[in-house]
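Protein chains in written order, with this note's numbering: chain A, 1 to 234; chain B, 1 to 234.
Hints in this document: simulated from the structure, not taken from any laboratory.
None of the values given here were measured: they were computed from a predicted structure.
C-beta: ideal position from N, C-alpha, C; glycine also.
Wrong hints could be hidden among the right ones.
These stretches of chain A come out as covered by chain B in the derived footprint (C-beta under 8 Å, 3 or more residues) [stated by the list, open to error]:
id, region
1, 32-40
2, 184-192
3, 220-234
Protein chains: 2
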Amino acid sequence: MATAAIVIIGNEILSGKFVDENSGFLIRRLRELGCDLGRVVVIPDVPNVIAAEVAACSAQFDHVFTTGGVGPTHDDLTMPAIAQAFGVSLYRHPTLEGILRRRMGAACNDAALRMAEIPDGAELWWDGEVRYPLIVMKNVAIFPGVPALLRLKFEAVAHRYAGTPVRTERLWTERTEPEIADLLTEAAGQWPTVAIGSYPRFELDPPKVLITLEGRDEDALEACVEFVSAGISG
Amino acid sequence: MATAAIVIIGNEILSGKFVDENSGFLIRRLRELGCDLGRVVVIPDVPNVIAAEVAACSAQFDHVFTTGGVGPTHDDLTMPAIAQAFGVSLYRHPTLEGILRRRMGAACNDAALRMAEIPDGAELWWDGEVRYPLIVMKNVAIFPGVPALLRLKFEAVAHRYAGTPVRTERLWTERTEPEIADLLTEAAGQWPTVAIGSYPRFELDPPKVLITLEGRDEDALEACVEFVSAGISG
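Work out the full structure, taking the sequences as your base and the hints as a guide.
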């Protein structure tokens, strides 16, 4: 199955000025699509930090999604940093320049044209007949930080990331985690394709433990659920 | 000023089964305390991944906060991974073992006693007269993933992370980002101690740009705010 990482770029998230809505949205959509998310990271608007993180994630995951830092102001440093990550230069793409000039007219100054500068080798994805394409450098899709824009642009390309969704089963028990720990360890060993999670909910009265069992192998999942279910009620 | 990183450990966040509440809480509290957050990362319950991330963050930041993976079940792997990060072994701490045995009585089995196993060299912090201490390995404070517990344990030790809070000023303008980009670049160059952010709010009618100016140098901040304020209204 395809794996993915999300790189949230922005001082405004780390400083608490804005609450990050984008990772929550992407986490949910990638789950629905069946793309396995392995990492979410929030980093500041610092070119070397962005370049290092993007290079590492690009090498380690099938897909990388960046958000933020793609506007016309001094704190928008994602494009040059991604170029740096891949050791290429930025250039002003004529198609993007044309779009900006037509849209903005006389207001299209040098700052605005920074938005037409992309890493050498990047692709333009026009899925969904958007007015402005998504910029994708190798396996790194570069999204804006504005949540409404990100959602719009993500949905246009979501079909490219579709795989087989994971099935999740949930079991609840009033037994404590120490009581069921050996049972879960045994189940995890016996069905390695099933991911088992155990989450105590002390705030419930009486306290309960939520056990989640997840996987794409239906037979293994069903056998594992049956085993754990019998074990916790036994 | 002290810097910090947050490491959220848990498949349940990456898979969207639970929404991460802990990073939002810690981001807000660190900001209030005046501790500069440089990184938030969400990683799976995989020992090598946890160990690598904790080692990197510990070397790069003054303080590291981990959340999650500290219970008694098979998916609780934070303690051994942090031991691995620092090249030490785990051992069962007699004080912690005593607390667990007294609290749990006959229910205190081997699984429960995993919660008494900590990295060699870790400290126990008893601030706030909590029933169970916070485990801290070098500059890495190890918090539970359950949000209510994390908040309780963080507040008990928050005083240790207090510094000088950053002051934030906000300016709004109906001018567009391309129009004000040069002004902001000039201000950022002239007052390097002031962090300037620019955030378009296209959803407002008419659209506006929020400019944030932040710093600990009051004089520089005031001069910079005055400069930008005059520039956007000029």
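Now for the hints, and whether the structure bears them out:
1. 32-40: With 4 residues close enough to chain B, the hint holds.
2. 184-192: The restraint on the region 184-192 of chain A holds, since 3 of its residues have a Cβ under 8 Å from chain B and three suffice.
3. 220-234: violated (count 0)
Violated hint for the displayed structure: number 3, the only one.
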